[in-house]
Amino acid sequence: MRDRTFATIIALTLVIVAAGSRVIPHPWNFTPMIAVALFGGARINRGWLAGLAVIGCLALGDLALGYFPYGGMEWVYGSMLLVVVMGRMLRTRTSLLATLVMALGTGAVFFIITNLGVFLGGALYPRTLAGLGECYVAALPFYRNQIVGDIAFSGALFGLYSLALTMRRGALAPA
37 MRDRTFATII ALTLVIVAAG SRVIPHPWNF TPMIAVALFG GARINRGWLA GLAVIGCLAL
97 GDLALGYFPY GGMEWVYGSM LLVVVMGRML RTRTSLLATL VMALGTGAVF FIITNLGVFL
157 GGALYPRTLA GLGECYVAAL PFYRNQIVGD IAFSGALFGL YSLALTMRRG ALAPA
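First residue of the sequence shown? That's 37 in our numbering, and the numbers climb one at a time after it.
No lab work stands behind these hints, which were simulated from the structure alone. Note that the coordinates shown come from a computational prediction; the quantities given were computed from them, not determined experimentally.
Listed next, with one range per pair, are the computed distances between beta-carbon atoms: (1) Arg205 to Gly167: 52 to 62 angstroms; (2) Arg205 to Leu176: 39 to 49 angstroms; (3) Glu110 to Tyr172: 11 to 21 angstroms; (4) Gly169 to Arg204: 41 to 51 angstroms; (5) Thr49 to Leu176: 29 to 39 angstroms; (6) Ala159 to Leu199: 40 to 50 angstroms; (7) Leu152 to Arg40: 31 to 41 angstroms; (8) Arg204 to Gly107: 43 to 53 angstroms.
Glycine residues also receive a C-beta, built at the ideal position from the N, C-alpha and C atoms.
Produce the complete structure using the sequences and hints provided.
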């Protein structure tokens, strides 16, 4: 099996397994999905396949949890596709610092966009600047869990991927 094919298979497997963990009980917003989108964008060679894998995993998870379809899902799914695109920037940058910065940055983008969607699509907050502020403040407790999840799951996905490739190189090296 070619190295590139092996790398893609490992990346897709990690995406599917991580996304499947959504159905395990967890604290609010402590999920692998932003890390999955970031990792998929960075490590699945074809961008369209990364986007399809991430959206497919998200949709299947939503179906399994009984959430699909739901109001405002376009904000979530659109944000996830944006995270996949942002993950493409990690294709050539493989440092721990770059991965950490992107995990935090993509999480912030997701937080900003999806909570803007809550503000614009609902009737919970007055349509004023103060109402927008209230919306973001109300979301902060969930954001804390999201940050921890983004860092933990990004570390796990990128680390396991690197380990799998290193083990393969060792297995293929002449004795």
